[in-house]
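Chains as they are written, first to last, in my numbering: chain H, 757 to 1023; chain V, 2 to 72.
Do not rely on the hints blindly, as some may be mistaken.
Stated by the list, open to error - Away from chain H, derived, C-beta distances all over 10 Å, residues of chain V:
{"#": "1", "residue": "T6"}
{"#": "2", "residue": "Q17"}
{"#": "3", "residue": "T25"}
{"#": "4", "residue": "E26"}
{"#": "5", "residue": "E59"}
{"#": "6", "residue": "G60"}
{"#": "7", "residue": "D61"}
{"#": "8", "residue": "V62"}
Claimed, not checked - Under 10 Å between C-beta atoms, here's a sample of chain H residues computed to sit facing chain V:
{"#": "9", "residue": "G785"}
{"#": "10", "residue": "N792"}
{"#": "11", "residue": "A810"}
{"#": "12", "residue": "V811"}
{"#": "13", "residue": "I824"}
{"#": "14", "residue": "Y826"}
{"#": "15", "residue": "N838"}
{"#": "16", "residue": "R850"}
{"#": "17", "residue": "Y851"}
{"#": "18", "residue": "A855"}
{"#": "19", "residue": "M860"}
{"#": "20", "residue": "I925"}
{"#": "21", "residue": "D951"}
{"#": "22", "residue": "M973"}
None of these hints come from the bench; they were simulated from the model. C-beta: ideal position from N, C-alpha, C; glycine also.
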Amino acid sequence: MTTDSKVPAVADEPLVIGGRQFQSRLIVGTGKYASNQEMVETIEASGADTVTVAVRRIDLDRTKEEGILYHLDPDRYFLLPNTAGCYTADEAIRYARLARAAGMSEFVKLEVIGDERTLLPDVQGTIEAARVLIDEGFKVLAYTNEDVVVALRLEELGCSAVMPLASPIGSGLGLVNPYYVREIKSRLQVPVIVDAGVGTASDACITMEQGVDGVLMNTALAAADRPAAMGRAMRLAVEAGRLAYLAGRMPKREWAVPSSPTAGLLE
Amino acid sequence: MSEKTITVTVNGDDRQIPSDMTVTEFLESLDLHPGLVVVERNREILDRDRYGDVTIQEGDVLELVHFVGGG
Chain H
757 MTTDSKVPAV
767 ADEPLVIGGR
777 QFQSRLIVGT
787 GKYASNQEMV
797 ETIEASGADT
807 VTVAVRRIDL
817 DRTKEEGILY
827 HLDPDRYFLL
837 PNTAGCYTAD
847 EAIRYARLAR
857 AAGMSEFVKL
867 EVIGDERTLL
877 PDVQGTIEAA
887 RVLIDEGFKV
897 LAYTNEDVVV
907 ALRLEELGCS
917 AVMPLASPIG
927 SGLGLVNPYY
937 VREIKSRLQV
947 PVIVDAGVGT
957 ASDACITMEQ
967 GVDGVLMNTA
977 LAAADRPAAM
987 GRAMRLAVEA
997 GRLAYLAGRM
1007 PKREWAVPSS
1017 PTAGLLE
Chain V
2 MSEKTITVTV
12 NGDDRQIPSD
22 MTVTEFLESL
32 DLHPGLVVVE
42 RNREILDRDR
52 YGDVTIQEGD
62 VLELVHFVGG
72 G
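Using the sequences and the hints, build the whole thing.
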């Protein structure tokens, strides 16, 4: 975490997932940008060192420049392949294997979607796929809903991180269930990364204030009017939220407590 | 290389390609860098170091995939 040198440092542990240390607690997607240049500028502004990518057929009739590796240096950014678009465990397993064969790493962001309208996860399919992939040596970061029991199951299976949603993918609705996300964080030993639904900087900040280990977002950046500016806003928000969590917020009360001395008032 | 051609399915479309082509030669013919492509042949992922040894056969179903932007 980068902080102003004048501010007293608050001890923080580095984020470690599956034995790999991450510099930033903000992970960003690479989809839906108007141009590759805009994507690169936004990722730089966000300070993220990990980016998600998708596995797709090469379009043989179009330019090869579509490939993300023409635009992002894998020595600079850790590429986290996803299984987005998969609706069954078998499909997700196939995509994960293809991603690993690309030679980047054994890490995969596992998504098994159960419903087209909400893109909510099929947790049964996710658990099935996670079991197979972990057995094959994958380091699985599992996208799931904010269900504490499912999160516990995914951890028991050996997932390297559990990624509950803030709200549906691409919705920008922010953190709809801070209580359950907090509960998941308090119950799990593995890192908890909130994935999907963050819309703006305050959402990212509130999410990090719950004590989770990181946030993953894509549309909030790509669909902003000025993506690079939002990238910087998100970087600051994630740092602010983390720092506020570490600082320990004041208790909430439903009555007022004066900030100025009650003694020494004039007669 | 002989004049004979074979029919294979590549990314969902049928294609005529010369027979006796290795995967390496096929990728070269498409101007694709082998290091940036993953090849699945008949549902089996091919190791990159085998691209030069594997000859594409009539009726093979090939998927050529790569990383694209995603969330």
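Hint check:
| no. | hint | result |
| --- | --- | --- |
| 1 | T6 | 17 Å, holds |
| 2 | Q17 | 14 Å, holds |
| 3 | T25 | 16 Å, holds |
| 4 | E26 | 16 Å, holds |
| 5 | E59 | 20 Å, holds |
| 6 | G60 | 19 Å, holds |
| 7 | D61 | 15 Å, holds |
| 8 | V62 | 12 Å, holds |
| 9 | G785 | 3 Å, holds |
| 10 | N792 | 8 Å, holds |
| 11 | A810 | 3 Å, holds |
| 12 | V811 | 5 Å, holds |
| 13 | I824 | 5 Å, holds |
| 14 | Y826 | 8 Å, holds |
| 15 | N838 | 6 Å, holds |
| 16 | R850 | 8 Å, holds |
| 17 | Y851 | 9 Å, holds |
| 18 | A855 | 8 Å, holds |
| 19 | M860 | 8 Å, holds |
| 20 | I925 | 7 Å, holds |
| 21 | D951 | 9 Å, holds |
| 22 | M973 | 8 Å, holds |
The earlier numbered hints are all upheld by this structure, with none contradicted.
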